[in-house]
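The task is to assemble the complex, starting from two chains supplied on their own in separate frames and drawing on the hints.
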Amino acid sequence: MPDKPDRNAIEVRGVSKIFGTGDSQVAALDDVSVSIRENEFFTLLGPSGCGKTTLLRLIAGFDFPTDGQILLHGDDIALLPPYKRPVNTVFQSYALFPHMTVGQNIAFGLEMLGKPKAEIAARVAAMLKLVKMEALRDRRTSQISGGQQQRVALARALAPQPKVLLLDEPLSALDYKLRKEMQIELKRLQHETGITFIFVTHDQEEALTMSDRIAVMSSGKILQVGSPRDIYDRPAERFVADFIGESNFLEAAVVASANGRATVRLASGTELAAALPEGFQPKDRVTVVVRPEQARLVREGGAASGVLENVVYFGTDTHFHVHLDAGGPFIVRQQNTRSGDAGYAPGDRVGVAIGEDAAQVLKD
Amino acid sequence: MATAGEIAEKAGREDVRRRWLLSTPALAIIFFAGIGPLFIVLVYSFLAPGSYGDVKWQFSTDAWVGVVLQRDIFDGTISIADAHLQIFLRSVTLSLATTVLTLIFGFPTAYFIATRPENRRDIWLFLITIPFWTNLLIRTFAMMEVLRNEGLVNGLLRFLHIIDQPIQFMYTDFAVLVGMVYVFLPLMVLPLFASMEKLDFRLVEAGYDLYATRFQVLRRVIIPLVKPGIIAGSILVFIPSLGAYVTPRVMGGGTNLMIGNLIELQFGQGRNWPLGAALSMTLMAIVMIALLFYVRNAGRNQGSGHG
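Residue numbers (numbering that gives the first Met the number 0), protein chains in the order written: chain A, 0 to 363; chain B, 0 to 306.
Same shape as in the complex, but just chain B (with noise of 0.2 Å):
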């Protein structure tokens, strides 16, 4: 017979092994689309390059220092690769200023679709979703037809006579910066939208009945009770932009390199695979560091209260 305690501590062991065999499915996932393709890269970038492309399974650290330094290919010397580093900064730029524009566009769209009539609301949602709908590239073209020499702006300028000759945006950093604004407006939106849905606006009019002015009621009261969504909003922005290909290379044509680009010329033209295995953790190290800036910095924020 067994006591009670040998019961309970079988069934005990039992209840732990079963648990572990129905997260397997979650871990296998994890493990083999996550953590696994990562370590490839991360092993790969520790290799030397092949011939055509692929990797020579012999130790070596070139690509690594192939991120920042580069070596001349007739006399040898080494250098700060200034391309690489013109790339990275042009990236983080650009992100930014994606992040801020989505910020300042999206900001009031959100809250204009928050204070709508409930059953009105959806509607708008739904507007703001149909580019979803689309191919990204589809998309970026489209922007790229309003942008071009004979596009709409330009054409519309010519049309009013306020310019003779067409005003190059394409293939600039402006052009860069319009299509990624364009693309990624609906990520800052909807959770914008999310946390302005949920604000109580009594607090509003609580806030004009104290003596504050629209400007203060906004900077006071709306701006510190969204923050969530201003935070979610913009890591949901500026992390796909950083990595951002298709409409940097679309809108930037040939010249306009962001590091998504960088990467992608490695992997093809480049035939440097574990530079471009390299460039990958550098731009997965800068965007950690931004998150860990980011969120610490408005915990911090939030921990203290305003002003």
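Just chain A, with the same shape it has in the complex (with noise of 0.2 Å):
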């Protein structure tokens, strides 16, 4: 496969999906657009029923978009059968044949390509060994742990070699640990085989950790794509702050703004220097998001001053809930060193110091 990074594997152009008819009309996708390059590692996140698995099914060829384009490579694949798409999925809940062994189930995909049998034979002992279950190529699939049969979805999505991988929550089965490992596998697969991978998960933390980019989505809608990175800093709507780790909203009155940042005055008077979401222009009243961690608490000054209501011991850190004095609820998140927290106990007054470059204007 030629090496070119920036080139799109899959492009989503104005694509609605409308379930039912008459009253009982659902749009799971409105008019969605979305570019993923190749041999990215591309994650729809959002919560269950946001349209992300109806993207990722009509991606895969299960239904069909009421409206838009669906580009592989530059071809439109919207309305072709799953079978002639070289697109492969690995399903929820695995789907694996279970009149099939591990083997078999690996072959299939190539043999219904009509590969040669040596052919066949070599793929599938490759596979096999890409996901560390040579030795169990002839067990049935209902002789094999959930991890394992984890490992033979993998292997048989993988083994035609397709263009693009379809991940649709594979690890929301697993427990914790194994889940941890097969996020590590997952990215080690992803990079050894080079093929775009399109994760859909609820999960924000796999979603940071897995992740080249990310879609947050809510409501058939892609509310904002970027990095890992560009998505926990600069969430660009509340949706995505509120869904994506843990925030703290400020009511802030605009005092000037250029070139992507602003300065906003807090309800206590403090100015404060925030970043704007990309092309946005802010009207003169606008919410401001700080992220607990970004904030420190001191005896006087600060951003924000308020009293402490609860401190919550994490073993790693701390959270200070604070009440401020200009209403609402405000979370410090500070690291835990051996000398302990400085003495800080509910009922005291504090202020909330708020970091250079923490705080990120929202659209709405």
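Hints may contain errors.
Claimed, not checked - Which residues of chain A face chain B? A partial, calculated answer using Cβ under 8 Å: (1) L79; (2) P81; (3) Y82; (4) L112.
As the list claims (entries may be wrong) - Output of the computed footprint for chain B on chain A, the stretches with three or more beta carbons under 8 Å from beta carbons of chain B: (5) 59-70; (6) 91-101.
Just so you know, the hints here were simulated from the structure itself, not pulled from any lab data.
For every residue, glycine included, the Cβ atom is placed at its ideal position computed from N, Cα and C.
Have a look at this one:
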């Protein structure tokens, strides 16, 4: 495969999907457009019912869009049946064929493509090696564990060397430890095979640790696309900030704005520099988001003041719940040190210092 | 004083006795309704026929010989009983054809029902079972109304000027076959539906995803997974069609006999109960051999997976 990292593997253009007819119509996807680059680990992240699985099924060909185009390397595949698309899927429930062995499951796609027997055998062996399952080739799929089934499902989908691999919440059925292992395993597989992965999940941590880029979805729309760092540090909308990580929201008045940066005045009167979402012109009142770990608790001063309500110890860090004088809660997260937490106790009057470049203006 | 061991042993004995007592009704039914009558049939097949039906209590293997051989009433020469063999052959052929045809018609029907939304499947199943509410004879006469010379099919063909003279459907093997397929179709659809309902349709999607066309998905994924339903349906159709009596009688007239009619003939006009008994046992033997063959074959395929 030629190495052109910036070429688009998949381009979704203005795709809508409406289920049902008449009054019971539901728009699962509403005019969605997104480009997924070649060799990218791309994640569709959102709560259940946001349309992420629908988008995946449209790319796989199990459903057809009501409107719009889906391009694979420039060709519109939106209306092709799934068996004519060089795209394979790892299903949430794995969907392994129970009447076949592990080896037969992996060989299935290659057989359907009419590959010669010797090539199939070699490829199955290579796939078993890739997912470290050589010893289990002749086992029935009902005789292996959930984690092993997961590996077989991956090997089966990768065996025909698809242009794009779709993964529909493949780790959700695994226990925590196995899930962590498989996250690393998936990254390794993506790296070794050089295949574009489109990964669907509702688990923000999974999305942040594994993805090259993330698309955050809600109610059939893509709200923001960016690297994990972009999404976390520079959320453009309240939903994104709320869904990924913990957030403090502060009402503020805009004093000045230019070149993607703004100066805002908080209710306490303190002025603060904040970043603007790309191409966004703020009105006079905005909401600003600050991550808990980007703020510090101080005895005096700070950008806002309030009363410490609760102190929750988490081992690696401590969460301080502050009730601001201007109204509303504010959470500060501070890393713990051996020397203790400086003796803050519930009821204390405290200030909240907001770090340089920590504040981000939201669109809504 | 009894020791603990003795008490336990006594309780155990009582337990065994009680269990036997409780299963008495079941055992009685099995004996009196199953094994008993069968034993009578077996005994009758080794007796001589009475002059006006019934049997004479003297040992004879004539009936068993008569299943395959016949003695000429004039010169006493013995030859193969062509008529019997022909009837056996027709029975097996028609039953196999019925099984295959009900499978061909029943499979898409069951698939259609299994892929409907859950709340509507009951309605379709209900429609499938409606013919069961009517007497078999009535249903068969209804099918006769469709096929007879002045019937629905011939009437329509003549109305459309495709034919001038009616086509003789009735009283042929074809008519018997049509009648049997109609009567036995639900027996195929129901077990097929039962196993298709359990089919995980994500496996079908996985098949499509892995480049299998519709036909390949059918052959490599759906059929192997609903095989238990195919086996159950085939057995449920094949066995009763082999012994079918009403349908060949009505649709085949007096000429296109099947084993069931031949047996009835021996107990009625033929006044040869031992021969009828021997023919019944032969029918049972055919069914058992066919079943053994089928089950063993199906079992072997299941053991080694696909292709």
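(request) State the violated hints by number, sorted upward, taking the hints as numbered earlier in the document. (result) Number 1 only.
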